[in-house]
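Participant: Now for the letters of each chain:
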Amino acid sequence: MKLDRRQLLGGGALAAVGSLAAFDANGDRAAAQGAAAGHGMKGHGMKGHGGGAKGPTMRKGATVDHRANGFDPTDILRDFDMGKTRRLASGRTLREWEVVAADKEIEVAPGIRYPAWTFNGRVPGPSLRAREGERLRIRFINGSEHPHTMHFHGIHSGEMDGVPEVGAGIIQSGKSTVYEFDAEPFGMHLYHCHVGPLAEHIARGMYGSFIVDPKQGREDADELMMMMNGFNTNFDAEGNQVYAVNSIAFHHVNEPIRVKQGELVRIYLANILEYDPINSFHLHANFFDFFPTGTRLEPTDFTDTISMVQGQRGILEMRFKHKGMFMFHAHKTEFAELGWMGFFEVA
Amino acid sequence: MEANRQSQSQVDAPSPPRGRLPAWALGAIPLALIAAALAALLTVGGDTLGERLGPSAEEIAVERTVLRPGEIKLTVRNTGPDAVTVAQMFVNDAYVDYTTSESQIGRSGTETFTLDYPWQPDSPYLVTLVSETGATTEHEIPVAVQTPSPDGGFYALMALLGLYVGVIPVALGMLFLPFLRHAREHWIRFFMALTIGLLGFLAVDAYLEGTEIAESGTGAFGGALLLFIGAGAAYLGLVALDRYLRDRGAKAREAGASAFQLSLLVAIGIGLHNLGEGLAIGSAYAVGELALGAFLVFGFALHNTTEGLAIVAPLSSNARPSLRSLAMLGLIAGAPAILGAFIGASAFNPEIAALLIGVGIGAIVQVIVQLVPTIRDHAGRALYPASVGGILTGVAVLYMTGLLVSA
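Quick note, the sequences are listed as chains A and B, same order. Sequential numbering from 1 applies to the first sequence in the working numbering. Sequential numbering from 1001 applies to the second sequence in the working numbering.
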């Protein structure tokens, strides 16, 4: 009986997300999903890291079904949603997205299902990316059973802030609205739902990154987006049971992030973790330049560990000097051992 | 009056079997109908009610924890109405690998999970079981101690513990028999009253401990209710045994036989009590909570010596039991401590322990009821200054010697 209800829920979410395929910017979602399935197969074959004194691990042999989830964290890393652009009469670029809220059960760790609320059927939501000075228009459709908004971190008018009782206010289930503002300032930003109870709306997965590139652009690099998050699967609002970057616990332990030796790697990093005050990022055997919020072009630090409160974010730039496997994880060991841990595989 | 009696007899008269069904068939028909109705309810009845409100209730609890080097083995019981699937586990906030034959635990079922975890001796651990729905169940290991493996050395140690705690003290207490033989009648009554005090103390003490043990279990089989079931069954069972023995010996009974029978019942009651004591000691040993050493042995010797006194008190009058009979009484009362220690240390289950402790309580209460006539004075009173003094002395002796042992 419970299963039936699950299937029903999944079906509803699928219907709501159905319109996604239509506006996928590069039209390569199907290809991405194919690749995801391939990764899954490979992950299944691997024995995985850890166990006993070798460190934390999920139960060996158990894997997450990324295809059923509809997203794969490995793809989310480099999946920047550029939207659709057209030139306005003024000569400015108008960049447009359509974002759909949907309720969807996702597997956040092998065998553990979580009733998430999502943007575009994935957690984190799409990494919306624009260039400084562009006009941005986000059509938001609430396909969820719950009321939601999209609140962007950035500089914009009060009506476009995506909070209750201001501007369009709360967008009820089945309704839609358009948020429109300029892309400023350049940097690594966030968007998230701002409906109360706020902690629950964020914890359920209603967030994504909002990246504004500087006018002159940045140096070519292998760019990755990492959203540090977690899931309070027992809903006790006291900490989380699963921690990760881009939702799936230990995903990059089983499927290391492949980068090239000497190549510039740029990480757009944000912390959205609910119910825990501070998160952190630590990289093994390498140091990185850190650009807080990415709003200045000069780094403020050269380090291997940074900490972030909820909503804090920044840009990390590094070149791996040596080939090999390099761990990265929260330097809050509890989070690391509950899933927020991964590897870079430098070739 | 006469008319009434007549009508009564007419009603009572068995009606002639006018081609009616035999009595067994009249009984079988409703049984068959009930079985058919239950089968129908089981197959279609549930659907008529629709789905429950809210999510499925996931209630699981760890029934047994076995610690071996680098490994934590949990026996998990499903105490709720729905099947539960364990998806992952973490220990002290770190996910761990584990093996099991089946992740789904059916209603009332159990499953064993073996966790790959390098636990350290003497440290506390919190194991969290995460179900497929994300619900969590926590299991606390207050102090990690390697679970003793049931080899020869282990059994020898448990036997020695049982011997120290049960057999030797009881035998020592029985040495009072010659003294009691020569004591005057009112002194005998005093010692019988003292025995009642001792037993009353043991019953209350066992109830408190049994409640605590029952509450530490999963509750799947009734928890503290098992204490009362065990006590009731033991009490009624011993009453029935006593009546049966009386009926058999009624024709040619010597006074000695009756006294020996009373001693036997006291020995059985104390034996069941010592089974519970052995359980507590064995399980405390298995989880490293038992402070072994001279104090434990000395304390229990002092404490349980009074139990031996209680066994021989009924024999003081004129019975002359053989040495063999006395040894048998001593073993009945003391040896169960050895068995209890085995069970407690190797296969401790709080609910079985609660049931056994309940049995001990029922036995003790039955023995007290049996002993009350022996303290009656010439006026037929059970309570008078000397008997009250005896009862209170018994309570005080056990209370004070009990302070010496903490198992």
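Since the hints were derived computationally from the structure, they do not count as laboratory data. Incorrect hints may have been included.
[To be verified] With a Cα cut of at most 20 Å, we get these calculated SDA-like pairs of lysine to any residue:
| id | chain 1 | residue 1 | chain 2 | residue 2 |
| --- | --- | --- | --- | --- |
| 1 | A | K54 | B | T1085 |
| 2 | B | K1073 | B | E1111 |
| 3 | A | K54 | B | P1121 |
| 4 | A | K60 | B | E1111 |
| 5 | A | K215 | B | E1111 |
| 6 | A | K60 | B | P1121 |
| 7 | A | K323 | A | A237 |
Participant: When the structure is checked against the list of hints, which entries are broken? Sort them ascending.
Facilitator: 1, 5, 6, 7
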